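There are 2 protein chains.
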Amino acid sequence: MSDTGLELRSLITPEGELQLSLTDVPVPTPGPDEIVVRIEASPINPSDQPLLLGPADLGTLKSDASSGRPVTTATIPENMRHLAKAREGKSVAVGNEGGGVVVDAGDSARHLIGKTVGIIGGGMYTQYRKVRATDAIVFPDGTTPKQAASAFVNPLTAQGMVEVMRAEGHKALVHTAAASNLGQMLVKICVADGVDLVNIVRNDEQAKILTDLGAKHVVDSSSPDFRAALVDALAETGATVAFDAVGGGPLAGHILGAMEQALLRTNPAMGNYGTSIHKQVYVYGRLDLSPTTIAANAGFAWSVGGFLLTPFLMKAGAETVARLRKRVADEIGTTFASHYTSEISLTEALDPETIRAYQRKATGEKYLINPAK
Amino acid sequence: MSDTGLELRSLITPEGELQLSLTDVPVPTPGPDEIVVRIEASPINPSDQPLLLGPADLGTLKSDASSGRPVTTATIPENMRHLAKAREGKSVAVGNEGGGVVVDAGDSARHLIGKTVGIIGGGMYTQYRKVRATDAIVFPDGTTPKQAASAFVNPLTAQGMVEVMRAEGHKALVHTAAASNLGQMLVKICVADGVDLVNIVRNDEQAKILTDLGAKHVVDSSSPDFRAALVDALAETGATVAFDAVGGGPLAGHILGAMEQALLRTNPAMGNYGTSIHKQVYVYGRLDLSPTTIAANAGFAWSVGGFLLTPFLMKAGAETVARLRKRVADEIGTTFASHYTSEISLTEALDPETIRAYQRKATGEKYLINPAK
Chain A
44 MSDTGLELRS
54 LITPEGELQL
64 SLTDVPVPTP
74 GPDEIVVRIE
84 ASPINPSDQP
94 LLLGPADLGT
104 LKSDASSGRP
114 VTTATIPENM
124 RHLAKAREGK
134 SVAVGNEGGG
144 VVVDAGDSAR
154 HLIGKTVGII
164 GGGMYTQYRK
174 VRATDAIVFP
184 DGTTPKQAAS
194 AFVNPLTAQG
204 MVEVMRAEGH
214 KALVHTAAAS
224 NLGQMLVKIC
234 VADGVDLVNI
244 VRNDEQAKIL
254 TDLGAKHVVD
264 SSSPDFRAAL
274 VDALAETGAT
284 VAFDAVGGGP
294 LAGHILGAME
304 QALLRTNPAM
314 GNYGTSIHKQ
324 VYVYGRLDLS
334 PTTIAANAGF
344 AWSVGGFLLT
354 PFLMKAGAET
364 VARLRKRVAD
374 EIGTTFASHY
384 TSEISLTEAL
394 DPETIRAYQR
404 KATGEKYLIN
414 PAK
Chain B
44 MSDTGLELRS
54 LITPEGELQL
64 SLTDVPVPTP
74 GPDEIVVRIE
84 ASPINPSDQP
94 LLLGPADLGT
104 LKSDASSGRP
114 VTTATIPENM
124 RHLAKAREGK
134 SVAVGNEGGG
144 VVVDAGDSAR
154 HLIGKTVGII
164 GGGMYTQYRK
174 VRATDAIVFP
184 DGTTPKQAAS
194 AFVNPLTAQG
204 MVEVMRAEGH
214 KALVHTAAAS
224 NLGQMLVKIC
234 VADGVDLVNI
244 VRNDEQAKIL
254 TDLGAKHVVD
264 SSSPDFRAAL
274 VDALAETGAT
284 VAFDAVGGGP
294 LAGHILGAME
304 QALLRTNPAM
314 GNYGTSIHKQ
324 VYVYGRLDLS
334 PTTIAANAGF
344 AWSVGGFLLT
354 PFLMKAGAET
364 VARLRKRVAD
374 EIGTTFASHY
384 TSEISLTEAL
394 DPETIRAYQR
404 KATGEKYLIN
414 PAK
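These protein sequence lines map, in sequence, to chains A and B. 416 is the number that this note's numbering gives the last residue of the first sequence; the numbers go up by one with no jumps. 416 is the number that this note's numbering gives the last residue of the second sequence; the numbers go up by one with no jumps.
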C-alpha cells in the first residue's frame, strides 16, 4: 500500500475560474476509534454537484493534461460570482458518501478490517478516507463496495420522508421525480410498510419502472389529464404532504392546489379561505433552478419549504437515526439497491464531456466514481 | 325600535351571477347570556371582499333600484365559476366585525345595555346583530362605535405577528404593505414593546406615515436601492420572519433571499445549501392574486406559508387571546386607532362605483359601513 492516495479537488479562484484537479494526499493514520476505508465506489448525487462545479458555465469547460495529470477549468459567469464568494481560493474535497473496504483501523476498531462499509462525511472522491468507526454502516460479508456506495443520502432521505409524514400527522405522501433511485427506494418502503404514496413521473417508461415495483398511484405530468389524475389520486389517498425534488417552476404550487381541490370533495371551506387542513410541500432538491411559483388556489392552510437530510437527522434524534441505519444495513441488497449507468475513474470524472453528461441529472442515469479504478 | 332590520346579502346563482341585495330580517331576541348590538360601524376589510364579491368581474357591475331597493349584479367569468361552487344558491350575510351599542341583552348580560362594544363573527353588515356577551370587547364609556369597529381583525392580527415572532424564536420581524391600518398598529406595538420591525412600503408618503409613528426601519420597494436597503435593515435587526399582505409576485421570495444574504454576513453556509438558520414568510393577505414566486437564492432553511387569524387564535389558547383582547380594550383610542376615508350606508355599499373604489384596497383608503345611516 502506497503512503499517498489520489484525491479530487474543486477550487474557485478569486478571478472566477473553476479548477478541478487531482492531488496526492497522505493515506490517513487512524486514531483509536477510527477506520481508514479504501473507497471503491462513490456516487455523483445531485447534492454533490453544487460543491463540485459551483455556478460554472459548463459550456466553457476545458481540460489540460500537459503537466501529466488533467486540470479541468471553466468560467464562473460574472453575475454568478457572488454565489461562490465564501469558497473562493479554498481547494475543497468533494463527494458526500461512498462505499469501500476497511484497510486500517485504530485499536477499538480492528475487528472491522476487511469489512465492506458505507460512509458519509464529504471528501469521498478520494482513494483513502478516514472516519470514526461509529459513523460507518458495516455490511454483511459478501456485500460489494458498489452496493455500499449509496447507503446514506438516498436511503435515509427516503425513510425520512415517511418519518416526517407520520410525525406531522399526514396519512399519505406525494413524491416528484419519482422514478429516481431515491424514488424507487421510497416505493419499496411504502409497499412494505403499507403507506399510500402518489408518484409523479414525466413519462410512461418511468411510470412502468414504478408500477413494476408495486406502486399503486403513478401520475404522469406529461399526460393531458395530469391535473385530474393527480386530484383523483390525492382524494383517494388523502395525501397532504409532498416531497419535491424539482423545486423550480409551477409543480410545487400545483400539488398544493390539487391537494386543496381533493380535500374540498369531503371537507368544508372556511368561507373563502379554503379548507382548514394543512397542506405541505417540502422542496428537497432543485433540479429546476427557476423560481418556485405558487398559485393562489390552495387556500391559506399551506406551506412550502426547504428540506435537507442533515437537519432532519439532527432533529429526529439518535434513536431514530439508529433505526433508519439498521434498516439500510439489513436491506441494502433489496429496498436500498441503487442502479448506476456509468462507473468512472477519478481522472474520467474530470473529462468535460463526462461532466456535462452527469450534470444533466437525467432520471435513470447515475454515475459512480471508483477511485481505485 | 322596529322589529326588523336591514341586512346586506351576497348570493351567487347557479347561472354564475353575483347578486348583492338588502333584505329585512327580524331583530334577534337574546338568549340568557347573549346581547343584541345596534351596529353603527363595520369596516370593509380586504378579508371581507372574497365573501362579499366572490370572483365576480367588477367591470360588469350594474345596479337596479326599480323595485324600490337596489339590487346590484355582476357576472362571474366562466373560468372562475368553480371557485364559487360551494356557495352557489346560498344567500350569505357578510362583514367580519363591527362596533355598536348594546340595545338588548339576556338576564346575565343586562349590565351591558348602553355600552359600546366591538364584536366579531360574520354578518355585521346588518342593523342588529346578536352575539354571546363573552364574545364582545366592552369599551370604556365615551368610546364611539366607530372607534370600536375594527377591534378584532387588525388589532389581533398585529399582536399575533409579534406573538408568533416570539413563539417561533425570531428576534425581529418584517411587514409588507406596512402603511396599512394594521401596519400602523404594528409599528405602535413594536415601538412600545421594543421589538425591531422592518417595514416595507411602496412610496415616500407611506414611509413618512410610519417614521412619524416612530418606525426605525422603513424600506421603499419602489426605490432603486430597495434590495440593498432591505438587506441592510435585515442584517441590522436580525429579522428572520416576515408577514406579507401582498402574497403574489416576487416579494415573499425576495424577502427570503434578502434574509439569507443578510445572514451570510455573519453566519457560515452549509456547503452550498446556505445557512442553517430558518427563514419564514407568512402570507396573510393576497392583495396580489398572481402566483407567489420564490427564487432559488434562500438556501434550504426556509418556508413560505399561509397565515390566518382564526387558526392562530385557536392554537394560541384562551389565556393568550384574553391578554390580546385586554390590550385592545385598553388601547383602542391609541395603539389600535383606525382611520377611515369614507363612511357609507348599506345602500351605498351596493353602488357599483363605490364597490370598485373599495375593491381597489389602496393603502390609506379604508371604507366603513354604517348600517344605521
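If you are wondering where the hints come from, they were derived from the structure by calculation, not from laboratory data. Hints are supplied without guarantee of correctness; some may be wrong.
If several chains are the same, the list does not tell them apart, and a pair holds so long as it fits within one copy or across any two.
As the list claims (entries may be wrong) - Derived lysine to any residue pairs resembling SDA-like cross-links, with alpha carbons at most 20 Å apart:
1. Lys128 <-> Asn310
2. Lys358 <-> Ile163
3. Lys128 <-> Ile320
4. Lys214 <-> Ala338
Since we're looking at a predicted model, the values are computed, not measured.
Hint by hint, here is what the structure shows:
When the C-alpha separation of Lys128 and Asn310 is checked against a cutoff of 20 Å, the pair qualifies only between copies, where the shortest distance is 14 Å, while the shortest distance within a copy is 49 Å. When the C-alpha separation of Lys358 and Ile163 is checked against a cutoff of 20 Å, the pair qualifies only within one copy, where the shortest distance is 18 Å, while the shortest distance between copies is 40 Å. Taking the closest pair of Cα atoms, Lys128 and Ile320 come within 20 Å of each other only across two copies (19 Å); inside a single copy the shortest separation is 42 Å, beyond that limit. Taking the shortest Cα distances, Lys214 and Ala338 never come within 20 Å of each other, neither inside one copy (24 Å) nor across copies (30 Å).
Hint 4 from the earlier list is the only one contradicted by this structure; the remaining hints agree with it.
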